[in-house]
Amino acid sequence: MNPTKPLLALTLAGFALNAYAHKPWLLPSTTMVESKDAWVTVDAAISEDLFTIDHQPLKLDGLTVTGPDGAKVEPKNAVTGRLRSTFDVQMAKAGTYKVSVVSQNVLASYKLNGENKMFRGAEADLKNLPAGAEDVKVSRTESRLETFVSANKTDDAVFKPTGAGLELVPVTHPNDMHAGEKATWRFLLDGKPAANQAFSLIPGGVRYRGTLGEIRQSTDAKGEITFTLPEAGMYLVTSSWPAMAAPQPGQPRPVVPRRASYAATVEVLPQ
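In case it helps, mature numbering (1 follows the signal peptide of the UniProt record, and there is no 0) puts the sequence shown at residues -21 to -1, 1 to 250.
Treat the hints with care, as some may be off.
Here are the simulated EDC-like cross-link-like pairs (lysine to aspartate or glutamate), alpha carbons at most 20 Å apart as the crow flies [to be verified]:
#, residue 1, residue 2
1, K15, D134
2, K132, D16
3, K161, D199
4, K171, D199
Pairwise CB distance ranges (calculated) [as the list claims (entries may be wrong)]:
#, residue 1, residue 2, range
5, P228, A73, 51 to 57 Å
6, K161, R188, 20 to 26 Å
7, A50, A158, 31 to 37 Å
8, K72, N92, 56 to 62 Å
9, R237, V148, 16 to 22 Å
10, K106, P140, 29 to 35 Å
These are computed hints drawn from the structure, not numbers from a lab.
Every residue, glycine too, gets a C-beta built ideally from N, C-alpha and C.
Sequences and hints are given; from them, build the entire structure.
Here's what the structure looks like:
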């Protein structure tokens, strides 16, 4: 069992409730490359200050890079250090690439000898619960962490939804967004419109700005939203389903049967 995968899932699931929690992220060196030999370097970490390397690396288990033709692309020069992971992506074909880390995990609460216990791990490890476990309540979490980069042109092939979990299908291409212009995004849950889905948009540079600068929005009945893009910079989009209720003092957080979470790094370019 890899302990980082449950950590990623739980961190993502907590975004909508606590914008100040440790955040996992993928940060490309650029989102648009115009070159005959196109490469990007991607940093991957979990941090308290967004895009600041201050806590621990994001493990690269489950990392997938998908090219514009749908083929998998092998990351190059992958290294995991003390505070961050990093890897390179060679974009041999023109078009848009999707970099993603997807995980499915289980959170369970139970009682053992009258004491409340928690389990975090993979579905297959549920069989390892103690034989005397009582009042077992299981919640399954699907987490998706992404970023998008393009070489020499943009296209939309990588945005075809998988139909599993919470997904962002950007009607406005995320590598062609400019400050002050309108953008349209669509959120899907299991391939269907995620109506009234709340999401957060947080700009990088919090440590220099002194305030979080979070923007909160919600989709319409079709799972879509059109909004004016903020100032140029790198942003983290986060969303979770269902909306998490605020914890009650002295009470354990209720375990819901299923959670889905999404996060992506996008760049807003200058006008």
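Query raised in the report: Which hints from the list above does the structure break, by number from lowest to highest?
Result: none
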